[in-house]
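J.: Construct the complete structure from the given sequences, taking the supplied hints into account.
One-letter residues, chain by chain:
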Amino acid sequence: MAEAVRPRGLLAVRLAPRRPAIAAAALVLAVMGLAAVAAPLLTPYDPIATDTAATALPPGSPGHPLGTDLLGRDLLAGLLYGGRTSLLVGLAAAAMTVVLGTLLGAAAAAGPRWLDSLIARAADMLLSLPMLIVTLALAAVAGPSLATVIVAVAVTSWMPVALIARAELRSQRERLYIRAAYGLGLSGAQVFRRHLLPGALPPVASIAAFEVGHAVLTESTLSFLGLGIPPNRPSWGNLLTETKAHLLTGEWYTVAYPAAAIVIVIIAVNVLANAVAPADGRAW
Amino acid sequence: MRFLAVRAATSLLVVAALSVLCFGLVSLAPGDPAAEILEARNGGRPVPAAAVAALRAEMGLDDPLPARYARWAGDALRGDFGVSYLTGRPVSETLADTVPWTLLLTGAATVLSVLGAVAVGLVAALTRRAWLRRGIETAMFVLGGMPGFVSALLLLYLFAAVWRVLPSGGLGRPGEPLTPGVVLTYLALPALALTFGHHFGTYVRLIQSGVGRLRDAPHVENARVRGLSRWTVTTRHLLRPGLVPFTARLGVGVGGLIAGAYATEVIFSWPGVGRQAIEAARSHDYPVLVAVVLVTGVVVVLANLLGELAVARLDPRIRRSPRG
Amino acid sequence: MSRRGEAAGGGLSVRGLAIEAGGRRVIDGLDLELAPGRVLALAGPSGSGKSLTARAIAGLRRDGVRVSGEIRPGPGRQIGFVFQEAAASLNPTVTIGRHLAETVAAHGGGDARALGVAALERAGLPDPGRLWDAYPFELSGGQAQRVALALATVLDPRVLVADEITTALDPVTQAEVLDAVRAQAAESGRAVLLITHDLAVAGRWADELAVLRDGRVAEHGPAAEVLAAPADPLTRALVEAAALGAPAAPAEPGRTAGPGRTAGPGRTAAGAGTGGAPLAAEGVRRVLRGRGRTTVALDGVDLAVAPGEAVAIVGRSGSGKSTLVGALAALDRPEAGRVLFDGRDVWAGRERDRRAARRAMGLVFQDALASFDPRYDVRRVIGEAGGDPSLLARVGLDPAMAGRRPATLSGGERQRVALARALAGGPRALLADEPTSGLDVLVQERILRLLADLRREEGASLVFVTHDLRVARRVADRVVVLQDGLVAEDLTDLSAAAHPATRALLDATPALPGELPQPAL
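Chains as they are written, first to last, in this note's numbering: chain U, 1 to 284; chain F, 285 to 608; chain E, 609 to 1129.
It should be emphasised that the hints constitute simulated quantities derived from the structure, not laboratory data.
Don't take each hint at face value.
Pair by pair, the computed Cβ-Cβ distance ranges are [said to hold, decoys possible]:
| no. | chain 1 | residue 1 | chain 2 | residue 2 | range |
| --- | --- | --- | --- | --- | --- |
| 1 | U | L115 | F | A423 | 40 to 48 Å |
| 2 | E | A944 | U | L201 | 36 to 44 Å |
| 3 | U | L201 | F | R412 | 33 to 41 Å |
| 4 | U | V99 | F | L297 | 23 to 31 Å |
| 5 | U | D51 | F | L345 | 31 to 39 Å |
| 6 | F | Y353 | U | A23 | 53 to 61 Å |
| 7 | F | R497 | U | N232 | 22 to 30 Å |
| 8 | U | G143 | F | Y353 | 21 to 29 Å |
| 9 | F | T411 | U | D46 | 27 to 35 Å |
| 10 | E | G630 | F | A423 | 52 to 60 Å |
| 11 | E | D735 | F | R413 | 46 to 54 Å |
| 12 | U | L27 | E | R958 | 50 to 58 Å |
| 13 | E | G631 | U | P58 | 55 to 63 Å |
| 14 | U | L201 | E | G630 | 35 to 43 Å |
A few chain F residues that don't get close to chain E, going by computed Cβ distances all over 12 Å [stated by the list, open to error]:
| no. | residue |
| --- | --- |
| 15 | A292 |
| 16 | L322 |
| 17 | G327 |
| 18 | P330 |
| 19 | A334 |
| 20 | E342 |
| 21 | Y353 |
| 22 | Y441 |
| 23 | V509 |
| 24 | H568 |
| 25 | L586 |
| 26 | L598 |
The beta carbon of each residue, even a glycine, is placed where N, CA and C say it ideally should be.
T.: This is how it looks when you write it as C-alpha cells:
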C-alpha cells in the first residue's frame, strides 16, 4: 500500500466546490484573522483579568456584549485573544508541517531508492499510530507551552503531506506529457519547472490548507485537555476546559463561543482546501 | 500466508518503535523520578539528597540508557510496568481496572460508526434524489470540521442539559449496582460522541464514492445482464468491491477512535484508560503515562492489523500483490 | 415496450426499436432479423448508436435512456452479452469460477463446474481448470476477453451480442476470439450480433452486414456483397476508408523511396548497413523492471531508417514496439547496444547533444490528450515545441483553435495538434506510436493521409508503430515485424513474408476484397 495515501478525517470529506461558499469562507477567515490581530482595539478588557463586580453576566449586558464568566472575565476579550493564539498556532504549525512534509516527500520522490523506502515506510508506520497519543506524551514531557504545541503538531502530522507530495511527484513523472516534454528536447530542470512542479502544486496547496484546520483542531484538543496552551494565555481550546460544567448549569454560551469559533475556522479552511484540490477525475 | 507474516512483522516493528519512543521521551523528561517519588510519598516536602541517591541506585536510574530500556522492556513484556509515582500502586492494577471500560466504549463506538456510516453512505451512494445526497454531503462536511471534543460537548448539552434523557457522565451513582441496563445508559452518550466525533464523515464519504462509482460499472452491468438476483448483484458485485476503500480506512479509523476516547472519557468522566492518561500526563506520573500509551498503541496496532486482514479478505488484489 | 415470449424458431428479431438518450432520438425505428447460426455485423461511425442498440437488445438500462420497440428473445438466459472492456466487465474481487457458477445457479443450476469448464474450453482457453481459481486482474487482455465470452455463453444462449469486443486486442488475438465466436455460432445454431466499426472485421467474420445511419439500418445484406458493391453513400465512405492501402496510396516505387528527393532510395541504404541512416538502433536491449518482475522488452534489435524512409513497426502486444520507439527517440537508455542519430551514438555524447537529437525528432503518441500538459492550451502546447499557431493550418486545423484546451477537442483534432507539435521543430524524423488506433475509421483515414502528405513535404523519415498490417502497408515503405523483443522479419513486400510471426499477423488481419495479399492457407 505504498502508493495509497491515506488522508485523515479532515481531508477525506469532500464537497463539490461552489463559488459562493469559497467567497464566504475566505471572508469569514479574513474577518476572524483581522479581529484576532486587532483584538486590543476591539475590546478594552484584559482577557485574563477577573472582575468581581461583573461575574456571570449574560450576553447582551452593557459593556460586555457577550457576557462574562463566573470570575468576571469578559467573554468577547477571551474569544478575540483566544483567536490570536489559536490562529497563530494553526498557521505556524501548518507551515512547519507543510515545509517538513514537502521536503521529505520530494526527497523521497527524487532521492535514491533506499531513502524513498525509508521515508515512505516511516510515514506509513507513524500514520498507523494515533498521533494524538504521541502528541500528548510529547506535550506532557516537554511541559505545556505554545512552542511545544506547534512542534508536537508538526512532528506528528508531516506524514500525509510527505506521502501526498511524493505520490504526486511520482505520478506526475510517469505522465505521458512529461515524456512528451523530454521528447521535445527539454532539460530535466525545464521539465521540472514547467510541468512537474505546477502539476504537483494544487494537491500540496490543498493539503496545506487542510493542515491549518488540523493544527487548529489538535491545538484545541490538547489545550482542552490541559496539555496545550497554559491557561494564562487564552486559546479557544483552553477556554473550554473550565467551562465544560457550564453546559449543565445554564451558561451554555461560555462554551458555545469558542466551540463555534473552532468549528467555523476548520470548516472555512476545509472549504478553501476543497476549492484548490484537483478534481477527482484530474484536469481532463 | 506470506501476506499475514509480513503484516504481523510490521506491526511488531511499530510496537517496538513506539516503546523506544515512549521510553526515550520519559528518560529525556526533566525532573528526577526518584526525587518525585519520595516527595510524593512525603506529602510534597523536600527529602534528603542521600535518600534520593539511594532510591536512584535501587531503581537503576544511574545505569546507561540501553540497559535501562532492556530492563524496562523485559518487565513490560511480563506485564510489570512499575509503580505509579503518585499513588505507589502497581501500574498493572490500574490498567486492569481501566482498560476493559475503554475497550467497551471504543467497541460500542466502532460498531455504531460502522453500522451508521454504512447505512448513511449507502443511502448517499444509491439515492436518485439529488437533495438527499447533497444534504448528506453537507452534513458530513460540517461534521468533518468538528473536533471530537466539540461534538461531545454538543451531545452532552443536548441530551443531558436540554432534554435531560441521559446522564451527563460517570458510571452509575454511588452504591448503585452495575447492571447491564445501567451501564448501557451511561455508555450511550460517550459512545455516541465518540462515533460522530471521529472519522464518521470520512467513512460515509468513502462508502458513498466507493459504491457510487461502481453503480453503473461494467462488471455490475454484466452481473445484471447475466440475470443474477438483485441480492447477489448488490452484495457481491456492488458492495464487496465498493466497500474496499472504506474497509481499508477502518483500521486507521479504529486507531483514531481509541485515541479520541481520551478526550471523550475526560468529558464524560468515563472510568477508562484515557482519563488515567490525561491525569498522568498532567501530574507527570510517567510510569502510568508510558504504560497507557504503550497499551493503547498495541491495541491500535492490532486494530490496524485486523483492518488490513479484512481488506485482504475482501480484495484479492492486495492478497496476491507481489509485495505481499 | 413489449416483448413476446420465448417464441419458437430461435434467432433474433428486433422490430421498430427506438432509443432516446439524453433527450435525443439516436435510434429511430430499427428493424433487424437474424436467423439462428448466422453472424450479423452491425457497423456505423462513432455516435451512430451501435452500442446503445446492443445494450437495448440485452436489456441493459441506464438513466436517461428510453427504449421502445419489440425484441425477441427477451432478456434472460437466451441472450448473452459481451462487453467491450472485458477486464472491467469482470468483478475484480471474485474468481473466474465463481462468475461462471453464479451465472449457472441464477438460471436453475446444473453442474456449474462442468458447464463452466466446457464454456472456457469452447472460448479457446487451454487450461480451464487452472483458470477457475484465477482472479480477473491476473489475466491478459486476450484471456479476459475469452473469459468474458465464456461467461456470456456458459448457458448456451440462442443469441449472443458482442459489443466491439476486439477493439483493444492485437490482430492475432482478435482473430482467435472471433474465430471462436463464429465456430460456436455454427455449432450450436446461435445468432450472433457483432457490433464493430471495422468493416474488414465484418467482411471476414460476419455472414451479414448492416450499416447504421440516422438511427436506422441503411443497408443490410450478405457481408461480401455489401462490401463489394456498397449502395448507401455512408457505406461507400466507410468501405473506402477501411480499404486503406488500395485507392489512397498506390504502391508506386517512385513515391515510396523518398518522395521528391534525388537521394538514393532508402531501401538500399537500409539494406547496406547503418552508415547513411539518420536514425538507427544497433543491438538495442531494454529490460523493464516493474513491480516484482522484470521483462526483456527488447533483446538485441537492429534497425536502420534511411533519410525520407517510412518504416512501420508491427507486432502483437508485448512484442516491444513501443519500447523500441522510446529507445529510438533517445528517451530511454538501452541496457546494451547503441542508438545512432546522424551516425553518432546518442548515449555516448553529452546531454546537450541528446537533447538536440530529441529536438530533431517529432514524437506522436497514441493517447494525444495525455501527451499534452493539462494546464496548457493549444497555443502553449505548440509554442513549447518552438512553433506558432500558423502550424495548425498545415495539419488542417483552424489557427483560431489555438486558444482552446486540448480536452475540448475531438480525438482526430487532438492527434492533429500532436502532429503540429511534432512538426514545430522542423523534424528530420517523425516517430509515431499507434497514432490512429482508437480513432474512428473515417478519422483514421484522414490522419493517415495527412501524415503521408506531411512526410512528403518535410522529407522526414517516419517510424510508425501499429498492430494493424493494413495501416502499416498504407504508410510505410518497409515493414519490420517484432516478436518477443526481436526483429522477426524486415520486409519491403508483405507477400514475401516467411517468418511465422509475420504469417500469423497476416493470417489474422482481416482484409477487404483485393486489399491484402492473403497467403494461401
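J.: Indicate, hint by hint, whether the structure satisfies it.
T.: Status of the hints after comparison with the structure:
| no. | hint | in the structure |
| --- | --- | --- |
| 1 | U:L115 with F:A423: 40 to 48 Å | holds (43 Å) |
| 2 | E:A944 with U:L201: 36 to 44 Å | holds (39 Å) |
| 3 | U:L201 with F:R412: 33 to 41 Å | holds (37 Å) |
| 4 | U:V99 with F:L297: 23 to 31 Å | holds (28 Å) |
| 5 | U:D51 with F:L345: 31 to 39 Å | violated (48 Å) |
| 6 | F:Y353 with U:A23: 53 to 61 Å | holds (55 Å) |
| 7 | F:R497 with U:N232: 22 to 30 Å | violated (51 Å) |
| 8 | U:G143 with F:Y353: 21 to 29 Å | holds (23 Å) |
| 9 | F:T411 with U:D46: 27 to 35 Å | violated (53 Å) |
| 10 | E:G630 with F:A423: 52 to 60 Å | violated (31 Å) |
| 11 | E:D735 with F:R413: 46 to 54 Å | holds (49 Å) |
| 12 | U:L27 with E:R958: 50 to 58 Å | holds (55 Å) |
| 13 | E:G631 with U:P58: 55 to 63 Å | holds (59 Å) |
| 14 | U:L201 with E:G630: 35 to 43 Å | holds (36 Å) |
| 15 | A292 | holds (21 Å) |
| 16 | L322 | holds (59 Å) |
| 17 | G327 | holds (64 Å) |
| 18 | P330 | holds (64 Å) |
| 19 | A334 | holds (64 Å) |
| 20 | E342 | holds (54 Å) |
| 21 | Y353 | holds (37 Å) |
| 22 | Y441 | holds (43 Å) |
| 23 | V509 | violated (5 Å) |
| 24 | H568 | holds (49 Å) |
| 25 | L586 | holds (25 Å) |
| 26 | L598 | violated (6 Å) |
Going through the hint list in order, the structure does not satisfy hints 5, 7, 9, 10, 23, 26.
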